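Assemble the whole structure, with the sequences as input and the hints as a guide.
Order-wise, the sequence lines are chains C and E. Read in order, the letters of the first sequence correspond to residues 2 to 699 in this note's numbering. Read in order, the letters of the second sequence correspond to residues 2 to 699 in this note's numbering.
Hints should not be assumed to be uniformly reliable.
No distinction is drawn between identical chains; accordingly, a pair holds when it is met within one copy or between any pair of copies.
Said to hold, decoys possible - In the DSS-like style, the derived pairs of lysine-lysine whose C-alpha atoms are separated by at most 30 Å in a straight line are:
{"id": "1", "residue 1": "543", "residue 2": "345"}
{"id": "2", "residue 1": "356", "residue 2": "203"}
{"id": "3", "residue 1": "356", "residue 2": "650"}
{"id": "4", "residue 1": "650", "residue 2": "203"}
{"id": "5", "residue 1": "556", "residue 2": "203"}
{"id": "6", "residue 1": "132", "residue 2": "32"}
{"id": "7", "residue 1": "356", "residue 2": "543"}
{"id": "8", "residue 1": "203", "residue 2": "52"}
{"id": "9", "residue 1": "356", "residue 2": "556"}
{"id": "10", "residue 1": "634", "residue 2": "644"}
{"id": "11", "residue 1": "203", "residue 2": "644"}
{"id": "12", "residue 1": "356", "residue 2": "634"}
{"id": "13", "residue 1": "356", "residue 2": "345"}
{"id": "14", "residue 1": "203", "residue 2": "563"}
{"id": "15", "residue 1": "650", "residue 2": "543"}
{"id": "16", "residue 1": "356", "residue 2": "644"}
{"id": "17", "residue 1": "650", "residue 2": "634"}
{"id": "18", "residue 1": "203", "residue 2": "550"}
{"id": "19", "residue 1": "550", "residue 2": "356"}
{"id": "20", "residue 1": "56", "residue 2": "563"}
{"id": "21", "residue 1": "559", "residue 2": "52"}
{"id": "22", "residue 1": "52", "residue 2": "132"}
Since the hints were derived computationally from the structure, they do not count as laboratory data. Here the structure is a predicted model, which means the values were calculated and not measured.
There are 2 protein chains.
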Amino acid sequence: MLEMFEPWLIAPIAALISILAGLYFYRYVDKQDSGTERMKEISDAIKEGSKAFLKREYTILAIFVLVVGTLIGIFLPSPIWTSANPLDNITLTLSYFFGAFLSALAGYVGMDIATKANTKAAYAARDGLNKAFPVGFRGGAVMGLAVVGFSLLGISIVYFITGDAGAVLGFSFGASALALFAKAGGGIFTKTADIAADLVGKVELGIPEDDPRNPAVIADNVGDNVGDVAGMGADLADSYIASIVAVMILGTALGLVEIALVFAGLGIFASILGAATLRIGAKGNPGKSLNMGTYVTCIIFGILTLIASYYIGYDLRLWGASIVGLAAGVVIGTTSDFFTSESKSPVLNTAEASKTGTATNIITGFSYGLQSVFPPLIGIGVAAVVAYYLCEPLGSGYAVFGIGMAAIGMLSIVGLIISNDAYGPIVDNSRGIAEQAGLGDEVIRITDELDAAGNTAKAITKGFAIGAAGLTVIALLATFQSEAIAALVEAGKSQAEIATLVNFNLLNPKVMLGAFVGIAMPALFSAMVMLGVGRNAERMIKEVRRQFKEIPGLKEGKEGVKPDYARCVDIATTGALRELLPASTVTLGVTLAVGFIGGAQALGGCLAGAIFSGLLLALLMSNAGGLWDNAKKYIETGVHGGKGSDAHKAAVVGDTVGDPFKDTAGPSLNTMITVMSLVASLFAALIVQYNLLGMLGL
Amino acid sequence: MLEMFEPWLIAPIAALISILAGLYFYRYVDKQDSGTERMKEISDAIKEGSKAFLKREYTILAIFVLVVGTLIGIFLPSPIWTSANPLDNITLTLSYFFGAFLSALAGYVGMDIATKANTKAAYAARDGLNKAFPVGFRGGAVMGLAVVGFSLLGISIVYFITGDAGAVLGFSFGASALALFAKAGGGIFTKTADIAADLVGKVELGIPEDDPRNPAVIADNVGDNVGDVAGMGADLADSYIASIVAVMILGTALGLVEIALVFAGLGIFASILGAATLRIGAKGNPGKSLNMGTYVTCIIFGILTLIASYYIGYDLRLWGASIVGLAAGVVIGTTSDFFTSESKSPVLNTAEASKTGTATNIITGFSYGLQSVFPPLIGIGVAAVVAYYLCEPLGSGYAVFGIGMAAIGMLSIVGLIISNDAYGPIVDNSRGIAEQAGLGDEVIRITDELDAAGNTAKAITKGFAIGAAGLTVIALLATFQSEAIAALVEAGKSQAEIATLVNFNLLNPKVMLGAFVGIAMPALFSAMVMLGVGRNAERMIKEVRRQFKEIPGLKEGKEGVKPDYARCVDIATTGALRELLPASTVTLGVTLAVGFIGGAQALGGCLAGAIFSGLLLALLMSNAGGLWDNAKKYIETGVHGGKGSDAHKAAVVGDTVGDPFKDTAGPSLNTMITVMSLVASLFAALIVQYNLLGMLGL
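This is the structure we're talking about:
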């Protein structure tokens with residue numbers, strides 16, 4: 002019996018179950034009480050703003066996706082006029098559209114549930130922590146399960162129809178391209194709204210934060226959902242899909258295309274079991290529960306995959322490599338936590354430094370941010386090398402495949418990781434709603450506790466996100482090399498020639514030039530995105546000022562006079578995408594230019610350079626941003642003079658500097674590198690055939 | 002006749018002439034009038050403080066140099082108990098001591114003349130710009146000519162005695178190790194003194210800047226000379242020596258050991274001619290003159306080396322590679338200038354952003370700093386690749402040698418570059434002295450003009466420093482490879498084995514692990530150094546407070562009561578070195594650990610990673626720092642509210658954040674990478690023989 006069952010079908014089955022489980026959790030959350038009239042009003046405004054944002058974003062992105070899809074159809078996998086089988090081009094285009102569509106859908110679902118679960122969790126907090134916690138957590142789980150369910154189902158469908166890992170590459174590119182917009186665009190949007198709301202409202206007019214008269218206030222609330230929920234989900238989803246594709250392609254030559262699907266499917270089962278068993282007693286600690294859920298899921302995953310490997314007959318070294326990845330995720334998370342934790346020396350020293358002024362706060366925080374890159378980079382490097390050597394004895398091609406398996410291992414439980422991560426912004430919003438709707442001190446205390454748990458869980462989930470992105474891009478570099486080799490074999494090159502043409506030796510001039518371009522790319526991208534925030538904020542500030550000037554009675558708070566919230570959301574959305582477009586175009590343009598000028602070696606060097614500096618900058622910016630945020634919060638607990646003191650003012654500036662670091666630029670870099678790597682793999686065949694230096698005989 | 006003359010003897014001859022020319026300029030400056038009694042008083046205090054600093058620094062460093070020298074004697078080039086010729090160990094140790102000694106001597110000479118030339122140039126400004134300019138410039142030229150003279154003479158002596166490029170490596174390591182302390186130690190010192198003087202003086206007691214009652218004020222003045230003059234000279238000298246050594250070692254197998262010495266010698270002639278012809282008329286523009294001097298020197302260098310190549314019989318492709326390097330230096334300088342120039346959009350936009358507050362000033366400046374890395378990185382990459390392909394047709398080994406020649410070309414005119422660079426802090430001090438000594442508005446206007454010229458020249462000299470460091474470390478990576486190959490040949494390995502063992506392929510696990518460690522190193526080093534500034538400042542603040550409390554009459558400014566300036570200098574010096582020691586030890590320790598664990602491939606990856614992230618961070622920090630500084634200065638001209646406005650306050654914080662970026666961490670990174678590379682080359686033979694992964698059969 003067992004022999005007749007294709008093992009990889011675990012993937013679509015698990016994906017469907019994941020979607021069903023997500024639906025179940027959705028209904029659970031949906032049937033909770035939304036609370037008082039005032040709460041519903043606040044919630045509806047945020048929901049409306051979020052939908053306005055998504056509608057605008059998806060309308061613009063549809064055009065972008067259509068244009069890129071058409072270009073794919075014409076040029077990939079080979080130009081349609083030279084193609085032996087033009088159907089390949091159509092398949093790839095459709096996969097691309099499919100990937101983009103499913104990614105957009107996952108974002109929509111996540112936003113929808115997040116804007117529901119926040120009020121419901123706040124209202125449930127009246128009945129105690131153990132009632133509110135499941136609402137928040139299951140809201141997050143809807144997002145997590147939808148993301149992995151849609152992703153893995155999509156991959157399975159494309160693979161089932163085409164039987165070709167190459168076509169799945171198109172799917173992955175579609176998902177990543179959309180993720181880049183969701184992440185970086187959402188990041189620009191949220192900071193834009195934040196700055197504009199504060200500057201015109203608090204600074205110019207002196208009205209309180211979150212005052213409903215402020216036309217930017219809804220955009221600001223929407224921003225939290227856009228950036229944290231939709232963007233964060235897109236980040237992990239994008240690494241998740243890319244790692245599966247990378248391992249499928251690397252596995253093609255080894256007859257192991259399907260192991261990635263099997264492990265990913267089992268990861269979903271582990272995540273669902275982990276999520277389902279997760280609850281707390283009346284006196285329980287929600288933070289510990291979330292982390293316990295992660296550990297339980299890891300253990301279930303380890304057992305399930307061990308059993309599957311035994312029955313299907315996968316070598317246990319491959320299983321070992323995936324466990325190495327999983328362990329590395331936990332270790333990286335725990336060490337990263339040190340640099341942003343409110344009880345450890347980096348945050349304490351940065352808070353202390355705030356006493357001597359803003360500049361010392363910034364320098365100290367930035368310095369610790371620089372230090373914080375050390376443990377995770379070593380962790381990623383060690384995980385990759387251990388996985389490599391573990392699988393090397395299996396034969397040629399297995400060693401690099403092992404790195405891919407480590408990435409798969411780390412990402413397999415991503416369903417639970419996203420759940421834990423989405424939980425954070427949901428309960429953060431709950432706290433805000435509880436405060437605005439006046440639910441009383443006890444409810445606020447409970448939502449505070451829920452919020453703190455989100456921060457505890459974040460340390461480990463962040464470790465997974467960083468580690469997974471690192472291992473995935475290494476696997477994608479190997480994928481690019483393998484695609485280039487395949488194209489060279491097809492072109493009839495000899496083994497010796499191929500070995501030279503795809504050797505990414507750092508002292509080769511092409512690799513070196515590519516690497517120098519590559520290390521500059523993440524810096525350039527971050528700069529463009531962060532400067533975009535400033536320009537976009539200016540546009541929105543103008544609009545907010547205009548409304549206060551032109552809408553009679555708005556400033557005075559006259560009964561029935563409402564600002565035009567939707568117009569603010571619209572301006573911030575359009576502006577964010579307008580700022581992002583040049584950054585994305587430059588990224589894609591430079592990647593292709595390096596490839597078509599320098600060939601496979603230059604592009605390999607470029608990807609490696611981008612991986613190195615991308616991980617460095619992403620870690621620096623995310624950790625420094627988190628650290629400044631927590632240093633400010635620490636001072637707000639009353640130390641060094643507490644709120645309103647000079648130290649606090651300095652820490653607020655640090656936090657403001659850290660905002661675009663940790664919410665806009667830092668987290669977009671993983672996705673940016675993934676997009677670069679996928680483009681490289683997609684164009685590998687064309688690039689080895691047509692490149693300037695190669696044509697010049699260099 | 003010509004055949005009997007060994008061409009490389011150009012080097013020692015040029016070096017001696019350089020030292021003589023330096024002496025001539027020294028006497029020229031020395032016989033100028035030092036000005037009024039008040040001026041002499043100020044100048045003497047600074048001189049005394051500087052000497053106190055150097056004495057303290059050199060005393061501590063002597064111990065460090067002795068310890069490291071002893072270790073070299075025991076272990077290098079091979080452990081003394083296994084050594085066939087123990088004399089080699091002694092030679093290497095002596096070369097190391099010699100390099101350290103000459104570097105220290107050059108630093109001493111530079112400090113001495115800088116603390117003299119500043120008052121003299123200020124006094125000469127009474128007679129007009131065309132009288133003051135040569136005093137400032139020739140003061141700088143003493144430093145420039147002394148540095149290249151001592152360096153090249155030292156290399157020539159070591160080479161003459163040993164006839165072995167490997168021994169020169171020891172000399173280079175000695176010079177670089179000292180340079181690291183001079184640069185990074187000086188950088189910590191200068192910011193420490195700056196913060197302590199400001200915080201206790203201006204903030205706590207409300208006394209004016211540069212008030213003689215402040216015990217930290219002399220340390221602050223000393224800091225300018227320590228950081229800018231001695232440190233900057235050490236930076237370029239260290240790249241200069243390293244590039245010559247790299248090319249000598251790479252040239253050994255090609256029979257071209259001596260071309261580096263010939264080109265370097267001719268570069269000195271070109272620099273002296275350029276410096277000697279440099280003067281301005283009464284209405285002249287000193288900034289243009291400095292740049293014109295650079296261009297003239299480049300052209301003279303091009304002609305001299307072309308003629309020499311023709312007569313000695315060097316292939317013109319090698320000459321071409323050196324010209325590529327020279328041209329790249331100019332191009333990189335011009336593009337870098339864009340990001341820090343007061344008339345270009347980055348500075349203007351950052352000044353504009355200051356109006357919305359400190360956080361936007363920081364984010365905008367930081368973003369432009371990130372952007373600024375793009376042109377120079379591409380410039381370095383393109384120069385390396387062009388030089389590579391230019392020399393490749395000459396045969397195996399020539400291509401990488403070409404990159405070394407590009408570095409030599411860029412650095413050959415370093416005598417003039419250092420002169421122009423040292424001119425800046427000298428005339429900057431002149432301005433301060435003119436103000437303190439009350440020399441009147443016209444003199445201050447002239448010193449302002451001299452100061453502005455220093456900034457104009459700085460753009461191009463900085464381009465040279467960055468580009469040269471980039472090309473030099475690439476050449477050093479190749480040198481490391483070549484040393485590893487030599488050791489493997491000696492160990493009797495086959496060609497095929499060697500090709501595998503030294504291939505720096507990025508997808509090799511050892512290279513990859515090394516690269517991940519390597520990219521983290523410059524981040525860690527910068528962080529340790531910047532955090533050290535804060536800790537050291539605290540020590541000094543305590544001492545300043547103590548003096549104000551314990552010395553009766555000091556605070557009140559009682560006649561005859563003087564603070565203990567020397568004690569402050571002493572505390573800041575000892576503290577700076579104490580903070581630097583862990584950072585240096587970690588750098589050396591990690592480099593060796595990577596090598597002895599992972600072998601040559603891991604260490605090659607580590608060097609490459611350090612080069613990538615080191616250049617990225619160095620460019621980011623230097624340019625962002627310069628940009629913030631100029632944005633503040635731009636506001637001080639009266640725009641956006643001018644001095645005292647909110648925009649100005651924001652810009653001052655930006656400038657303060659930028660200070661340790663551009664004066665402490667950023668400029669130390671080049672030297673740090675050079676030191677790592679030299680250590681790698683020195684230990685190459687030991688590392689290929691004894692490394693953990695190799696012993697485990699991986």
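Practice task
May I ask which of the numbered hints given earlier this structure violates, with the numbers listed in increasing order?
Solution key: Checked against the structure, no hint fails, so every one of them is satisfied.
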